[in-house]
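These protein sequence lines are chains R and Y, in that order.
Numbering of the first sequence is given in the numbering used here, commencing with residue 1 and proceeding in unit increments.
Numbering of the second sequence is given in the numbering used here, commencing with residue 465 and proceeding in unit increments.
Quick caveat, the hints were computed from the structure, so don't treat them as lab data.
Just to be clear, a hint being listed does not mean it is correct.
If you only want the chain R side, here are some residues facing chain Y, beta carbon under 10 Å, derived [said to hold, decoys possible]:
1. L51
2. W54
3. I390
4. K415
5. I427
Positions of the beta carbon are idealized from the N, C-alpha and C atoms, including for glycine.
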Amino acid sequence: MSAVMTEQNIYATQFSEIAGRLPGRGLAWVDRLRKTAVERFLDLGLPTTRLEDWKFTNVAPIRRLTFRPVNQVNASIPEPLRSQLDLFPSPRLVFVDGLLDRKLSGLGFGTTPPFAKERANGTPPNLGGEFLGLHMAGLSDSLADPNQAAILESHLGRYAETSDRAFAAWNTGFFADGACVMISPGTILTHPVHLVFISTGAGEPRATYPRNLILAGERSQVAVAEVFLSASGGVYLTNAVTEIVAGAGATIDYYKMECESGDGFHVATVKATLDRDASLTSHSISFGAALARNDLRVALDGEGSQCTLNGLFVVDGQRLVDNHTEIDHRKPHATSRELYKGVLAGHAQGVFNGAIIVRKDAQKTDALQRSRNLLLSENAQINTKPQLEIRADDVRCAHGATIGQIDRESMFYLKSRGLDERAARQILIRGFAAEIIEGIRVSSIRQQSEIRLGEWFEGKLEAS
Amino acid sequence: MLRIRNLCASIDGKQILRGLNLDVNAGEVHAIMGPNGSGKSTFAQVLAGRDIYGVTADDLSFEGRNLLEMPAELRARNGLFLAFQYPVEIPGVSNLYFLRSAVNAVRAHRGLPELDAVDCLSVARTHAQKLGLDDTMLKRSVNQGFSGGEKKRNEILQMMMLEPRLAILDESDSGLDIDALKIVADGINAMRHPERAIILVTHYQRLLNYIAPDRVHVLIGGSIVRSGTKELALELEQRGYSWLEQPAGVEA
Numbered sequence: 001m002s003a004v005m006t007e008q009n010i011y012a013t014q015f016s017e018i019a020g021r022l023p024g025r026g027l028a029w030v031d032r033l034r035k036t037a038v039e040r041f042l043d044l045g046l047p048t049t050r051l052e053d054w055k056f057t058n059v060a061p062i063r064r065l066t067f068r069p070v071n072q073v074n075a076s077i078p079e080p081l082r083s084q085l086d087l088f089p090s091p092r093l094v095f096v097d098g099l100l101d102r103k104l105s106g107l108g109f110g111t112t113p114p115f116a117k118e119r120a121n122g123t124p125p126n127l128g129g130e131f132l133g134l135h136m137a138g139l140s141d142s143l144a145d146p147n148q149a150a151i152l153e154s155h156l157g158r159y160a161e162t163s164d165r166a167f168a169a170w171n172t173g174f175f176a177d178g179a180c181v182m183i184s185p186g187t188i189l190t191h192p193v194h195l196v197f198i199s200t201g202a203g204e205p206r207a208t209y210p211r212n213l214i215l216a217g218e219r220s221q222v223a224v225a226e227v228f229l230s231a232s233g234g235v236y237l238t239n240a241v242t243e244i245v246a247g248a249g250a251t252i253d254y255y256k257m258e259c260e261s262g263d264g265f266h267v268a269t270v271k272a273t274l275d276r277d278a279s280l281t282s283h284s285i286s287f288g289a290a291l292a293r294n295d296l297r298v299a300l301d302g303e304g305s306q307c308t309l310n311g312l313f314v315v316d317g318q319r320l321v322d323n324h325t326e327i328d329h330r331k332p333h334a335t336s337r338e339l340y341k342g343v344l345a346g347h348a349q350g351v352f353n354g355a356i357i358v359r360k361d362a363q364k365t366d367a368l369q370r371s372r373n374l375l376l377s378e379n380a381q382i383n384t385k386p387q388l389e390i391r392a393d394d395v396r397c398a399h400g401a402t403i404g405q406i407d408r409e410s411m412f413y414l415k416s417r418g419l420d421e422r423a424a425r426q427i428l429i430r431g432f433a434a435e436i437i438e439g440i441r442v443s444s445i446r447q448q449s450e451i452r453l454g455e456w457f458e459g460k461l462e463a464s
Numbered sequence: 465m466l467r468i469r470n471l472c473a474s475i476d477g478k479q480i481l482r483g484l485n486l487d488v489n490a491g492e493v494h495a496i497m498g499p500n501g502s503g504k505s506t507f508a509q510v511l512a513g514r515d516i517y518g519v520t521a522d523d524l525s526f527e528g529r530n531l532l533e534m535p536a537e538l539r540a541r542n543g544l545f546l547a548f549q550y551p552v553e554i555p556g557v558s559n560l561y562f563l564r565s566a567v568n569a570v571r572a573h574r575g576l577p578e579l580d581a582v583d584c585l586s587v588a589r590t591h592a593q594k595l596g597l598d599d600t601m602l603k604r605s606v607n608q609g610f611s612g613g614e615k616k617r618n619e620i621l622q623m624m625m626l627e628p629r630l631a632i633l634d635e636s637d638s639g640l641d642i643d644a645l646k647i648v649a650d651g652i653n654a655m656r657h658p659e660r661a662i663i664l665v666t667h668y669q670r671l672l673n674y675i676a677p678d679r680v681h682v683l684i685g686g687s688i689v690r691s692g693t694k695e696l697a698l699e700l701e702q703r704g705y706s707w708l709e710q711p712a713g714v715e716a
């Protein structure tokens, strides 16, 4: 109990110190939003394993440390990471330790600043302007702009619940910046939007609270990729919240790629709300972090809406990756497809919890959920659990989970062709992951996934 | 090339091969025939290095090297190839990637440079064409969704790419219609070479209508009970195996 009190005192004090300089200060609705959230967070405290939702994920390592918020960015990004940034071309927003780096960000289409304009489409304006139906800016800047703030007021914090979710509440109270991406109705964006979050992880443990809002207008089509990278390892916490709103008939291709430091902590909440006939495809790829928790919740809030949630997590050493998803079928004729695949080695732990809720009115719901896991060691562990709550009668809901090891028959087949143990295992693991990786339509994310998987085989990501 | 003396193999305490003897020279084609459960497939798998069997032998050598001390991948790199009776499906791995990995594993062992993706594709295409396999099956996952005939032809394709010194073909004829059988037989015949030996493991004689073996052996109860020329196969076709089964019991 005393530990809980301490942790709450620490963050209560932190909040009173920083509240005055957080973005949106002075806007009544923002002040109210933050105040309510912080009170909620202090009330809840960090979750314990006594909570059903956190049964297998012990956040004691996060509780034990005190994470300082980031006021300003001093560290420059090391060279290797700069070139890695080229993999994620603009339109993009780059955040260093949670704060927007305007020099590295841009609205135009291209790879290097000032970002080549697309021929005949004119010069892209600065961030905050609109280019080819895309409006994109840092959240902090947007809150400072009265017109943008007015739009944000009706969306920010309206979707991601905080009442019983400590991390989301914490983020809502503490967020310092994030991405604000708006796509005008009918816009078909040909280039994916990259949101890159880099943690420099220098010195004392720090926390960043990225807060993102993605608004896709009616009938628009957009791909948005969130990428979390670590510049130089270290102990830090990323506590992110992303709210996604898909207007009627909008199509969103959403990616979240988590490549945090092996000592870092990553907790992310993604909440998507889909209107009539809207479609969301999500790929959640997790490679890093000592502890990563991904909460992805989708409200199918319009007739005929559909979502596909795919996930891949590759984890070794003493790491833990926890994927909690929730698909809320609120309206009839909505479809959901879900496939999460885990590769676990060493003493790693994995969690997959897939909730599917079918409301009373959501007749003709069609939901399919699969969890497939490959255990590479006897000491690795996976807890996979479907959680169905069905209140309508004319529905199709199916789920299945498998936990397996490398197939001996397949190993012999590959060895009989001259491949050694290591090569054969790699081929089979790649094959296992391919089902997810090949479905990635944004090439930067697909390439990055393949690169990370390759590095993983080389043992670069092996925890010591 | 292959010398086998008193080869015994067991699994889960059950003896499958009981003192099998065989000599195969370069350039020869041998047929191993026998009824179901006689140990044919075990024999093929044991030669390829399947590690689920307990194996002993007075001599099991391939080109003078002791196979008992060689894991499966080393046998393959040294030129031994097994065409599987039931080829394994590997989801998510393209057939071409698999072929290239295998070819390059073998080439590296022989001190040859890597075959790049482009060259590998063109070689694979040429062979696939000969086997009547559509180009698209190079892009598809290994054996996944392949028909029985396609799987068998895919095994032959791998053999052509890997150019083994000793090829063991386990029931490569089973489940094939007559057209596919001819294609597979043509593929095998094209591989006949003075420097290469082939062992055909088969239940039926019909494959031997297309591939004339130098020697035919009858495997019953885990050992070879009779050896002869290709005429022996015809005799088996007419008389079945039962007339040979009695002496096997006596011998054992």
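Cross-check of the supplied hints:
{"no.": "1", "hint": "L51", "verdict": "violated, 36 Å"}
{"no.": "2", "hint": "W54", "verdict": "violated, 33 Å"}
{"no.": "3", "hint": "I390", "verdict": "violated, 31 Å"}
{"no.": "4", "hint": "K415", "verdict": "holds, 4 Å"}
{"no.": "5", "hint": "I427", "verdict": "holds, 6 Å"}
In summary, the numbered hints that this structure violates are 1, 2 and 3.
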